Amino acid sequence: MGSSDMSHAAWRKSSRSGHNGNCVELARVAAHVAFRDSKAPAAGHLTLSAESFAQLVHRAKCGEPDA
Numbered sequence: 001m002g003s004s005d006m007s008h009a010a011w012r013k014s015s016r017s018g019h020n021g022n023c024v025e026l027a028r029v030a031a032h033v034a035f036r037d038s039k040a041p042a043a044g045h046l047t048l049s050a051e052s053f054a055q056l057v058h059r060a061k062c063g064e065p066d067a
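1 is the number of the first residue of the sequence shown in full-length UniProt numbering; add one for each residue after it.
Mixed in with the good hints there might be a few duds.
[As the list claims (entries may be wrong)] No farther apart than 30 angstroms at their CA atoms in a straight line, the calculated lysine-lysine pairs in the DSBU-like style are these:
id	residue 1	residue 2
1	K39	K61
2	K39	K13
3	K13	K61
[Said to hold, decoys possible] So the derived label-pair ranges between C-beta atoms look like this:
id	residue 1	residue 2	range
4	C62	S38	32 to 38 angstroms
5	A60	A40	26 to 32 angstroms
6	A42	S14	28 to 34 angstroms
7	P65	A10	15 to 21 angstroms
8	K61	S7	29 to 35 angstroms
9	A30	P65	16 to 22 angstroms
10	Q55	M6	32 to 38 angstroms
11	R59	K13	26 to 32 angstroms
Just so you know, these hints were derived from the structure itself, not from any lab. As the structure is a prediction and not an experimental result, all values here were calculated from the model. C-beta atoms are modelled at their ideal positions from N, C-alpha and C, and glycine is treated no differently.
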């Protein structure tokens, strides 16, 4: 997915996030998931397909190394 206007994206962060500003925000955009650093939202975002994002989260939870 190329660069896109994310001004209307509904960004959210986990209810488990602390108040120290070290959070990742997520937004669903069509069949993709965008994520960004909550303390630097203007710095940009990364976008993955929903399937790739689900695989990333699964691998992180399982502690699997990078492929």
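Practice problem: With respect to the beta-carbon atoms only, verify the hint that C62 and S38 lie 32 to 38 angstroms apart. | Solution: Taking Cβ atoms as reference, C62 and S38 lie about 25 angstroms apart, which means the hint is violated.
Practice problem: Starting from the range 29 to 35 angstroms, see whether the pair K61 and S7 falls in it by beta-carbon distance. | Solution: Holds, at about 31 angstroms.
Quiz item: Taking the CB of A30 and the CB of P65, does the distance hold inside 16 to 22 angstroms?
Solution: The hint (16 to 22 angstroms, Cβ to Cβ) is violated, given that A30 and P65 are roughly 31 angstroms apart.
Quiz item: Is it true that the C-beta distance of R59 to K13 lies inside 26 to 32 angstroms, as the hint says?
Solution: Given a distance of about 21 angstroms, which is not inside 26 to 32 angstroms, the answer is violated.
Quiz item: Within a Cα-Cα threshold of 30 angstroms, do K13 and K61 meet the stated pairing?
Solution: Roughly 17 angstroms between the alpha carbons, so the hint for K13 and K61 holds.
Practice problem: Go ahead and decide if the range 26 to 32 angstroms is satisfied by the Cβ distance of A60 to A40. | Solution: 21 angstroms, violated
Quiz item: Within a Cα-Cα threshold of 30 angstroms, do K39 and K13 meet the stated pairing?
Solution: Distance of about 12 angstroms is within 30 angstroms: holds.
Quiz prompt | Range agreement (Cβ of A10 with Cβ of P65, hint 15 to 21 angstroms) | solution = Violated: the Cβ-Cβ distance is about 33 angstroms, outside 15 to 21 angstroms.
Exercise. For Q55 and M6, compare the CB-CB distance with the range 32 to 38 angstroms and indicate the outcome.
Key: With a Cβ separation near 22 angstroms, Q55 and M6 fall outside 32 to 38 angstroms, so the hint is violated.
Quiz item: K39 and K61: Cα distance at most 30 angstroms?
Solution: Status holds; Cα separation ~23 angstroms.
Self-check item: Outcome of range test on Cβ distance (A42, S14; 28 to 34 angstroms)
Solution: 21 angstroms, violated
In summary, the numbered hints that this structure violates are 4, 5, 6, 7, 9, 10 and 11.
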